[in-house]
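Novice: Put chain B on the given structure of chain A with help from the hints.
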Amino acid sequence: MSEATRPDAWITGVGLVSSLGDGVEAHWARLKSGKVAEPVVDETTAAPYSFHPLCEVAFETQIPGRGDRRQMGPWQLLGTYAAGLALSDAGLGDDAAAKADMNLLVAAGTGERDPESDAAIFEEVHDLPADQTGLNRLMMDTLRPTLFLSQLANLLAGNISIVHGVTGSSSSFMGAEMAGVAAVENAVRRVRAGRDRLFLVGGSFVAGRNEHLLALAGMKLAWMHAFKPVWQRAGQGGGAILGNVGAFLVIEEAEHAAARGAHAYAAIGEVASGRGGTLQPVRDAVRSLGPGPLLVMSGASGIEPQTSDERGVLEGLAADGFEPVVRGYASVLGLAAEAHFPAGLALAAIAADRGAAYDPFEGSGFEQPSSLAPDHVLVTTQGQWRGAGAGLLASTER
Amino acid sequence: MMTSAMRDSKGRPIAVVTGMGVVTALGEGKQDNWRALTAGRSGVARIHRFATENLRTTVAAQIGFIDFGGDSSGEMCYEVARRAIEEAIGEAGIGTRGDFPGMLVAAVPPFEVEWPLRLAVAREAASRGSSANDRFSALLDVAGAGDWRRGFEFTQRECVAEMLADTFGTRGQPVSMSTACASGASAIQYGTEAIRRGETGAVLCVGTDVTVNAESLVRFSLLSALSTRNDPPEEAARPFSRDRDGFVMGEGAAALVIESLESARARGADILGVVRGCGERADSFHRTRSKPDGSAIIRALANALEDADLEPAAIGYVNPHGTGTPENDKMEYLSLSAVFGAALAGVPVSSNKSMIGHTLSAAGTIEAVFSFLTMDRGTLPPNINYKTPDPEIALDVVANVAREQPVATVMSNSFGFGGQNVSLVLAREPQ
Numbered sequence: 001m002s003e004a005t006r007p008d009a010w011i012t013g014v015g016l017v018s019s020l021g022d023g024v025e026a027h028w029a030r031l032k033s034g035k036v037a038e039p040v041v042d043e044t045t046a047a048p049y050s051f052h053p054l055c056e057v058a059f060e061t062q063i064p065g066r067g068d069r070r071q072m073g074p075w076q077l078l079g080t081y082a083a084g085l086a087l088s089d090a091g092l093g094d095d096a097a098a099k100a101d102m103n104l105l106v107a108a109g110t111g112e113r114d115p116e117s118d119a120a121i122f123e124e125v126h127d128l129p130a131d132q133t134g135l136n137r138l139m140m141d142t143l144r145p146t147l148f149l150s151q152l153a154n155l156l157a158g159n160i161s162i163v164h165g166v167t168g169s170s171s172s173f174m175g176a177e178m179a180g181v182a183a184v185e186n187a188v189r190r191v192r193a194g195r196d197r198l199f200l201v202g203g204s205f206v207a208g209r210n211e212h213l214l215a216l217a218g219m220k221l222a223w224m225h226a227f228k229p230v231w232q233r234a235g236q237g238g239g240a241i242l243g244n245v246g247a248f249l250v251i252e253e254a255e256h257a258a259a260r261g262a263h264a265y266a267a268i269g270e271v272a273s274g275r276g277g278t279l280q281p282v283r284d285a286v287r288s289l290g291p292g293p294l295l296v297m298s299g300a301s302g303i304e305p306q307t308s309d310e311r312g313v314l315e316g317l318a319a320d321g322f323e324p325v326v327r328g329y330a331s332v333l334g335l336a337a338e339a340h341f342p343a344g345l346a347l348a349a350i351a352a353d354r355g356a357a358y359d360p361f362e363g364s365g366f367e368q369p370s371s372l373a374p375d376h377v378l379v380t381t382q383g384q385w386r387g388a389g390a391g392l393l394a395s396t397e398r
Numbered sequence: 399m400m401t402s403a404m405r406d407s408k409g410r411p412i413a414v415v416t417g418m419g420v421v422t423a424l425g426e427g428k429q430d431n432w433r434a435l436t437a438g439r440s441g442v443a444r445i446h447r448f449a450t451e452n453l454r455t456t457v458a459a460q461i462g463f464i465d466f467g468g469d470s471s472g473e474m475c476y477e478v479a480r481r482a483i484e485e486a487i488g489e490a491g492i493g494t495r496g497d498f499p500g501m502l503v504a505a506v507p508p509f510e511v512e513w514p515l516r517l518a519v520a521r522e523a524a525s526r527g528s529s530a531n532d533r534f535s536a537l538l539d540v541a542g543a544g545d546w547r548r549g550f551e552f553t554q555r556e557c558v559a560e561m562l563a564d565t566f567g568t569r570g571q572p573v574s575m576s577t578a579c580a581s582g583a584s585a586i587q588y589g590t591e592a593i594r595r596g597e598t599g600a601v602l603c604v605g606t607d608v609t610v611n612a613e614s615l616v617r618f619s620l621l622s623a624l625s626t627r628n629d630p631p632e633e634a635a636r637p638f639s640r641d642r643d644g645f646v647m648g649e650g651a652a653a654l655v656i657e658s659l660e661s662a663r664a665r666g667a668d669i670l671g672v673v674r675g676c677g678e679r680a681d682s683f684h685r686t687r688s689k690p691d692g693s694a695i696i697r698a699l700a701n702a703l704e705d706a707d708l709e710p711a712a713i714g715y716v717n718p719h720g721t722g723t724p725e726n727d728k729m730e731y732l733s734l735s736a737v738f739g740a741a742l743a744g745v746p747v748s749s750n751k752s753m754i755g756h757t758l759s760a761a762g763t764i765e766a767v768f769s770f771l772t773m774d775r776g777t778l779p780p781n782i783n784y785k786t787p788d789p790e791i792a793l794d795v796v797a798n799v800a801r802e803q804p805v806a807t808v809m810s811n812s813f814g815f816g817g818q819n820v821s822l823v824l825a826r827e828p829q
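Each protein sequence line maps, in turn, to chains A and B. Take the first sequence: its letter number 32 is residue 32 in the numbering used here, and every next letter is one higher. Heads up, the numbering used here is the position in the second sequence plus 398, with the first residue counted as 1.
If we strip away everything but chain A, and leave its shape as in the complex, we get (with noise of 0.2 Å):
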C-alpha cells in the first residue's frame, strides 16, 4: 500500500478521568480557565511523597453490574470506567455489534493487589524468622479468590470485554508508559494498513497505591519535596510524582468513522518510540511536518536527567522553525505509567477539536500563554525508567 493510500486513524473517542475531574468538558473547564492550571495534589496521605488522588467518580454510571464492580479492584474499575466513557464519546456505547468486532489494546500494570491483606501478611511475617512455611500458611489463610483475579495484567482489558461487549481481540502491554506508546502505535499501524478498523486503547493508574510508591521509592524517582510542576523540579533533583488516571481513546478508520457520522477529534499520524531520549522519536513524528507553531503536549515527568533533555529538545524544535508551545501534562494529571500517553493523547485531542491551545500548566515562564488554534499537536512520554515515545495529532478541520 502507498502512503498515499493509506487509510487515516482518527480519534473518534475520548474517555478522560483524572484529579482534575471526569471527562472531557471537566478537563477542559479545568485547563482553559483563563489562569494557570491548579494541580489537585494529595501532599498528606502518603507524605513524605504526594500523588493526585482520583476526583469523585460514579462508576456505577459506565459499570452499571453491582456483581461486576465487586470483581474488580480500584485499577480496573478506573479503566473499565474510561473505556466505557470513551464508547460513550464515540457514539458506540450502545452500538453491540460494532463493539463485538472492535479491537481492544490495553496498556496493563501487574495486576492490582489487596492491600488490606498484604498488610495483615506483613505484620504477621514481620514477626517470623525467616520462614517460607509460615509466609505460605498466612498466604493460604489471608489471600482472597477474587481478588486473585486482579492479580493478572489482562484482567483490565477481560473486564473491558465483560461490561462493555468489545470482544474482536484484545492485547495487553506491559511496560508502564512505554505500554501505552506501544497499544497506540499497534492501533495506528493496524488502521493504516488497511488490516483493521476500530480499536480502543488506553489503560489507567492509581497512584496511592503502596506497591507504585514502594516502587518508585526503590528506583529513587520519587519527587518528595512540596508540589511543583515538572520543569521546576531540576534544582532539586527531580522525580516524579504519580497520577490518577483513566484514559481511553476511540481511534478509527477515517471512512469508517465519517460512514457513521462520527465525530473526529483529530487526526493521528506518526507514532515513534525509541530505546533514547525524546529526540529520535519526537523528530520521527514531525519530520513530515513544515515550520509554524505546534502545540507540545510534553509527558516529562519531572525525574532528571530526562526532564531537563526532553526540554532542550523541545527548545531545540525552534531550531528547524517550529515555535513550540508548550504543556508539560505531568505537571496536572501526575505521572499515570500505563496511562500517560494515552492521557497525553486525550488531551492533545481535546485542544485540536476545540482549535486552542490549554492555558499554562507552570508558572515559571517556559510556558507561555498562547492564543495558537493548533494544526498539529506533538504528545511525547518519556518512561520512568526507559525509553521514549512521540505521536503527532492533526486537526481533522483544515
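These aren't lab readings, by the way, just hints derived from the structure by calculation. Hints may be right or wrong, so weigh each one.
Far from chain B by the CB rule (all over 10 Å, computed), these chain A residues [unchecked claim]: (1) GLU38; (2) GLN71; (3) ASP95; (4) GLY175; (5) ALA215; (6) GLN232; (7) GLY355; (8) PHE366.
Pair ranges (Cβ atoms, derived) [stated by the list, open to error]: (9) THR133(A) - SER622(B): 19 to 25 Å; (10) ALA259(A) - THR626(B): 52 to 58 Å; (11) PRO145(A) - GLU827(B): 44 to 50 Å; (12) ASP131(A) - ASP465(B): 19 to 25 Å; (13) ASP101(A) - ASN798(B): 38 to 44 Å.
Remember, it's a predicted structure, so these values are computed and weren't measured experimentally. Just so you know, even glycine gets a beta-carbon here, dropped at the ideal spot from N, CA and C.
Specialist: Then chain B, alone, in the frame of chain A:
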C-alpha cells in the same frame, strides 16, 4: 518489488521461522527437550526451590538445572529467556553477537515487588530501628534510602524485555505483552503481523515464565485451578483424562526468529516453518470461564484458519491449550468439534502440558516450537497420563506413547484467563 512467491494468498509478506530455542523442565535446548518429550518423560516433580508446607499443591514442572543468581521472577525469567534466545539466534545465524537486526517482542508475566524483596527491605528497616509509625512507611524509608536499585529494577514491568534488548541488541523499543496464558501466542502474532505489514524483516519473539513461587501457587489454588494430585508428581498433569483435576504449573521459555520469507531467502537461511495464520477472539462471559457455547474460542480458531486461508481439513495435528482443568479441556473439545466437524476424528491431538506443565506466559511460544519440531521430525509427542479417557471428549489423543506420523500443518491454541483466545496455524513449508 517482492515476487508473488514471497507473499501469501492475501498479498502479505510470508512470515517464516529461521531459528528456535527452548528451555523447559525437561532440559535446555531443542534436542534434550525433544528426546524427553517423545519418550513421554514428565518434567513434573516435587517443588524444590522453596518450602511447600501448608500449600495444597506441592508439585510443578520447575527448572532444576540452572543455578539462578537471584530469587526474583524477573531475574529468573530473564535468564531462561536469554538461553532460549541464544539457541534461536545461533540456529538462525542472523546478525552478529549483540546486534540482532529486528525488534524484540516478549511475552512475560507481570512483574512486581515480591515477598522476598519486600521482606529483605523490611528486615533492614527493623535492624535500623526505623522511627516510622507503621511498617509500610518504614519500608518506604529504607527502600528510598538504601541501595536497592538493582533489586527494584527487576520489579519493573518491562525489566525482562529491556534487559534482553540490551543483551541482544535488538532494534527499537522492545514490546512486552501480557495476555495471561495466551501471551506467547500473542507475541508470535504481533511479530508475524509486523512482518506482514512490511515494518521489519526480522523479529525476535520470546516467551518466558518462571513464576512457580508460593504466592502464585496459593493464588491459583484459591481459584481451584491447580491439580492437587501430588503423588506421584509425574502423574498430576493429565489433560483430556476423565480424572483430570487441574493444571500443573510449569517454567520455561522459548524464542523464535521470525523473518519475511524474502529476507530469509536473501541471506540463504534454512526455513524451519511458516506462521501461516493467527486468529483472535476475546470472550465476554466470565473472568475465568468461557462462554458455555464456546463461541469466542470457536471464532478464534475459525479466524486463524481464515487468516491462513485454509480449510479445517488441512490441519494434520492440533497442539491444544490442553491445560488439564476440567473446564478448559471440555470447552476446547467443544470448540474444536464445532470448527472441524466430523473431520475432527481424524486429527490427532496431544498436550505438551502433560509433560512440561502449564508454562503460562511462555506456553504459546514453547508449544509453537514443539509444533514446528513435530512437523520437522514427523513424530507426534504423546499426551501422557492418558489412562482413563473422558467419554465426553472424543478426540484422537496421542495416548501415552509417541506416534510416527508426517504432519504438514498444525493448529496451536492458547486461551488466557480473562478471555483472550489466540490460535496459530503453523506450517512446515511456505505455500
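Novice: None of the hints should be skipped; say for each whether it holds.
Specialist: Each hint, compared with the structure:
1. GLU38: Check passes; 28 Å lies beyond 10 Å.
2. GLN71: 6 Å, violated
3. ASP95: Answer for ASP95(A): holds, closest chain B Cβ roughly 15 Å.
4. GLY175: 3 Å, violated
5. ALA215: 6 Å, violated
6. GLN232: Check passes; 21 Å lies beyond 10 Å.
7. GLY355: 32 Å, holds
8. PHE366: Answer for PHE366(A): holds, closest chain B Cβ roughly 27 Å.
9. THR133(A) - SER622(B): 19 to 25 Å: 23 Å, holds
10. ALA259(A) - THR626(B): 52 to 58 Å: 55 Å, holds
11. PRO145(A) - GLU827(B): 44 to 50 Å: 47 Å, holds
12. ASP131(A) - ASP465(B): 19 to 25 Å: 23 Å, holds
13. ASP101(A) - ASN798(B): 38 to 44 Å: 42 Å Cβ-Cβ, so the 38 to 44 Å window holds.
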